[in-house]
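Enquirer: If you want the building blocks of each chain, they are given just below.
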Amino acid sequence: RKEVEQDPGPFNVPEGATVAFNCTYSNSASQSFFWYRQDCRKEPKLLMSVYSSGNEDGRFTAQLNRASQYISLLIRDSKLSDSATYLCVVRGNFNKFYFGSGTKLNVKP
Amino acid sequence: GAVVSQHPSRVICKSGTSVKIECRSLDFQATTMFWYRQFPKKSLMLMATSNEGSKATYEQGVEKDKFLINHASLTLSTLTVTSAHPEDSSFYICSASGASGYTDTQYFGPGTRLTVL
Numbered sequence: 001r002k003e004v005e006q007d008p009g010p011f012n013v014p015e016g017a018t019v020a021f022n023c024t025y026s027n028s029a030s031q032s033f034f035w036y037r038q039d040c041r042k043e044p045k046l047l048m049s050v051y052s053s054g055n056e057d058g059r060f061t062a063q064l065n066r067a068s069q070y071i072s073l074l075i076r077d078s079k080l081s082d083s084a085t086y087l088c089v090v091r092g093n094f095n096k097f098y099f100g101s102g103t104k105l106n107v108k109p
Numbered sequence: 001g002a003v004v005s006q007h008p009s010r011v012i013c014k015s016g017t018s019v020k021i022e023c024r025s026l027d028f029q030a031t032t033m034f035w036y037r038q039f040p041k042k043s044l045m046l047m048a049t050s051n052e053g054s055k056a057t058y059e060q061g062v063e064k065d066k067f068l069i070n071h072a073s074l075t076l077s078t079l080t081v082t083s084a085h086p087e088d089s090s091f092y093i094c095s096a097s098g099a100s101g102y103t104d105t106q107y108f109g110p111g112t113r114l115t116v117l
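Going down the list, the sequences are from chains P and S. The first sequence begins at 1 in this note's numbering and counts up by one. The second sequence begins at 1 in this note's numbering and counts up by one.
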């Protein structure tokens with residue numbers, strides 16, 4: 001079983017839609033959680049950290065459910081510029097990071 | 001803050017040559033640096049993890065004699081692809097992680113696109 005699993009998508013949504021991605025992780029001792037976005041032929045960029053209480057940054061909301069071992073990312077009012085691959089990243093012990101394979105989002109006009 | 005640079009951004013070389021890629025953390029001290037490779041439309045693949053002043057830890061299947069990693073200071077790590085072959089053509093990305101902290105994460109360099117002819 002992979003450490004971090006994501007639905008690869010693609011998620012094809014119209015502009016203005018709300019879309020949500022989930023990601024599950026296998027190690028209950030995981031310490032920190034993050035969402036990155038990666039544009040085609042570019043490096044991943046940190047989108048937001050995910051805190052236990054949930055956190056919001058503009059149109060983006062991230063939540064963590066430790067009991068069920070999943071994190072989620074909600075994007076409201078999707079923009080064309082949100083089209084990218086979203087990577088779920090989990091930090092475990094000894095500064096070891098585990099990356100999901102990414103969920104591809106296509107926002108259509 | 002948390003800027004990581006990578007040089008060169010693109011390199012084209014002949015088969016059999018060696019290529020060195022530099023990764024620098026510009027505004028923080030990187031206790032750990034990571035090297036990844038990514039093929040088109042594929043996921044990031046971790047190649048190795050390096051801690052400043054110690055030997056790199058390579059992932060299974062990655063040849064340490066072919067991909068030489070040096071992390072001589074808290075702001076610089078280098079990856080040397082020795083005797084490059086066309087199958088080594090890929091997008092190489094480094095990332096850096098700072099001192100321990102709850103929200104500590106990885107910050108990526110812009111990547112190096114290697115083409116071996």
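Just to be clear, a hint being listed does not mean it is correct.
What the hints assert, rightly or not - In the DSBU-like style, the derived pairs of lysine-lysine whose C-alpha atoms are separated by at most 30 Å in a straight line are:
1) P:K104 to S:K55
2) P:K96 to S:K14
3) S:K42 to P:K79
4) P:K2 to S:K14
5) P:K42 to S:K64
6) P:K45 to S:K55
To be verified - Here are the simulated distance ranges between beta carbons:
7) S:K55 to P:S81: 21 to 29 Å
8) S:K41 to P:S28: 26 to 34 Å
9) S:L117 to P:G54: 46 to 54 Å
10) P:N27 to S:R113: 19 to 27 Å
11) P:N22 to S:M45: 39 to 47 Å
12) S:D27 to P:S81: 38 to 46 Å
13) P:G16 to S:A72: 45 to 53 Å
14) S:G61 to P:R76: 35 to 43 Å
15) P:R76 to S:L117: 43 to 51 Å
16) S:D65 to P:F94: 23 to 31 Å
17) P:S28 to S:N70: 46 to 54 Å
Said to hold, decoys possible - Simulated coverage check for chain P against chain S, where a stretch passes if three residues somewhere in it have a Cβ under 8 Å from a Cβ of chain S:
18) 45-57
19) 68-81
Simulated from the structure, these hints should not be mistaken for lab results. Owing to the predicted nature of the structure, the values given are computational and were not obtained by experimental measurement. Glycine included, C-beta positions come from ideal geometry on N, C-alpha and C.
Enquirer: All hints are to be evaluated individually against the structure, with a verdict given for each.
Expert: Comparing the hints with the structure gives:
| no. | hint | in the structure |
| --- | --- | --- |
| 1 | P:K104 to S:K55 | 35 Å, violated |
| 2 | P:K96 to S:K14 | 35 Å, violated |
| 3 | S:K42 to P:K79 | 24 Å, holds |
| 4 | P:K2 to S:K14 | 37 Å, violated |
| 5 | P:K42 to S:K64 | 26 Å, holds |
| 6 | P:K45 to S:K55 | 27 Å, holds |
| 7 | S:K55 to P:S81: 21 to 29 Å | 42 Å, violated |
| 8 | S:K41 to P:S28: 26 to 34 Å | 32 Å, holds |
| 9 | S:L117 to P:G54: 46 to 54 Å | 50 Å, holds |
| 10 | P:N27 to S:R113: 19 to 27 Å | 33 Å, violated |
| 11 | P:N22 to S:M45: 39 to 47 Å | 23 Å, violated |
| 12 | S:D27 to P:S81: 38 to 46 Å | 26 Å, violated |
| 13 | P:G16 to S:A72: 45 to 53 Å | 50 Å, holds |
| 14 | S:G61 to P:R76: 35 to 43 Å | 41 Å, holds |
| 15 | P:R76 to S:L117: 43 to 51 Å | 47 Å, holds |
| 16 | S:D65 to P:F94: 23 to 31 Å | 25 Å, holds |
| 17 | P:S28 to S:N70: 46 to 54 Å | 36 Å, violated |
| 18 | 45-57 | holds (count 3) |
| 19 | 68-81 | violated (count 0) |
Figure legend: structure checked against the earlier numbered hints; hints not met, in rising order: 1, 2, 4, 7, 10, 11, 12, 17, 19.
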